Amino acid sequence: MQPDFLKEGDLVYIVSPAKKIEANKVLYARKLLQSWGLEVQLGRGCAGEHYYFSGSDQERIDDFQSALNDPNCKAVICTRGGYGSVRIIDQLDFSGFGQNPKWIVGFSDITVFHSHIITNFDVQTIHGTVPLNYNKDEESVETLRKTLFGEKISYEIEPSKFNRTGTIRGEVVGGNLSIISSLTGTNSDIDTKGKILFLEEISEYGYKIDRMLWQLKKAGKLDQLAGLIIGDFTDIKQSVDVFGMNWQELILEKVKKFDFPVLFDFPAGHEKRNLPLYIGREADLIVTDQKCTLTYG
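In full-length UniProt numbering, the protein residues as written are 1 to 297.
These are calculated hints, taken from the structure and not from any lab test. What you are looking at is a predicted structure, and each value in this text was computed from that prediction instead of being measured. Just so it is clear, CB atoms sit at the ideal spot from N, CA and C, and this is done for glycine as well. Incorrect hints may have been included.
[Unchecked claim] Calculated cross-link-like contacts (lysine to aspartate or glutamate; reagent style EDC-like; alpha-carbon spacing at most 16 Å):
| # | residue 1 | residue 2 |
| --- | --- | --- |
| 1 | 152 | 142 |
| 2 | 193 | 259 |
| 3 | 208 | 249 |
| 4 | 152 | 282 |
| 5 | 272 | 210 |
| 6 | 161 | 253 |
| 7 | 146 | 4 |
| 8 | 237 | 249 |
| 9 | 237 | 210 |
| 10 | 193 | 282 |
| 11 | 7 | 151 |
[As the list claims (entries may be wrong)] Pairwise CB distance ranges, derived in the manner of DEER restraints:
| # | residue 1 | residue 2 | range |
| --- | --- | --- | --- |
| 12 | 246 | 139 | 39 to 49 Å |
| 13 | 224 | 91 | 30 to 40 Å |
| 14 | 167 | 146 | 22 to 32 Å |
| 15 | 139 | 211 | 28 to 38 Å |
| 16 | 24 | 50 | 32 to 42 Å |
| 17 | 136 | 94 | 42 to 52 Å |
| 18 | 288 | 50 | 48 to 58 Å |
| 19 | 50 | 93 | 17 to 27 Å |
| 20 | 150 | 31 | 34 to 44 Å |
| 21 | 235 | 57 | 47 to 57 Å |
Please construct the entire structure, taking both the sequences and the accompanying hints into account.
In structure tokens form, the structure reads like this:
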């Protein structure tokens, strides 16, 4: 199910379901979203602080629930990732979400929401940049605007020597590797059969990447993919030293028995350039030695 695309005059909420964020980042985001012609409601605790988090679990639940409950709210913009979404996801009431779906936007720890929502409610979400980073890359922000307002999205990616060629169409699912692996076997676990799986990661050791990939493989998450998109794997440590393989080769090792296309270096994740992806929506993936494209219909 696709929430309605935004139009001028629509109301969006800014909330912080995980780590705390500086108030100036929130105010910058509000001004930016208002420049798109949107009305903006700040969550009561979106710039709050409770140790590591933006608020206590209950405060973060209340903020997110307010956005879910408001029938006029058309999108929920998460300020950042970090950690904390898993602590509140099962205490949120999504009972009216299917009848009044709205875009949930974010990445990293917000993968918890992407996975939970597509698994339980079959509602599309947007994996994309967040207010923490709105001032870092104009292209990422402008493409997010296009995504929210329903303009056609098509990406052309430079070929990588690690790619595996092929042409397929499938529904895009996934997000942060650590989150996807941690949700395996839970009520937020994603179905990857016949899907295009997207993965990104930051600041992990090579052996942890390897372990999480094996977890996905042993859980059958890699067996029947339509395709695999690898985004940014930022600041990965001690991969070659331990395995004699870089992280790209660790990934390819897990899918070498399959023949679906694999696209590396998609610009989404924890780098400045973080292009949005619709989660739960079908796209055409073309990977050749000369050209790689991802196009949403």
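>> Given the hint of 48 to 58 Å, is the C-beta distance from residue 288 to residue 50 inside that range or not?
In response: holds, 50 Å
>> Assuming the hint says 42 to 52 Å, is it satisfied by the Cβ distance from residue 136 to residue 94 or not?
In response: violated, 31 Å
> Going straight from one Cα to the other, do residue 237 and residue 210 come out at no more than 16 Å?
Replying inline: holds, 12 Å
> residue 224 and residue 91, beta-carbon distance inside 30 to 40 Å?
Replying inline: holds, 33 Å
> For the pair supplied as a hint, residue 272 and residue 210, is the alpha-carbon distance within the 16 Å limit?
Replying inline: violated, 25 Å
> When you check the alpha-carbon spacing of residue 7 and residue 151, does it fall within 16 Å?
Replying inline: This hinted pair holds, its Cα atoms lying about 11 Å apart.
> Is the Cα-Cα distance between residue 146 and residue 4 16 Å or less?
Replying inline: holds, 13 Å
>> Quick check: does the Cβ-Cβ distance between residue 50 and residue 93 fall within 17 to 27 Å?
In response: holds, 22 Å
> Is 28 to 38 Å a correct range for the gap between the Cβ atoms of residue 139 and residue 211?
Replying inline: With a Cβ separation near 34 Å, residue 139 and residue 211 satisfy 28 to 38 Å, so the hint holds.
> Honestly, do residue 150 and residue 31 meet the 34 to 44 Å range at C-beta?
Replying inline: Distance hint for residue 150, residue 31 is violated at roughly 23 Å.
> Is it true that the C-beta distance of residue 235 to residue 57 lies inside 47 to 57 Å, as the hint says?
Replying inline: Violated, since residue 235 and residue 57 (Cβ atoms, about 29 Å apart) do not stay within the stated range.
>> Taking 39 to 49 Å as the stated bounds, is the beta-carbon spacing between residue 246 and residue 139 within them?
In response: Given a distance of about 27 Å, which is not inside 39 to 49 Å, the answer is violated.
Hints 5, 12, 16, 17, 20 and 21, counting from the list given before, are not met by this structure.
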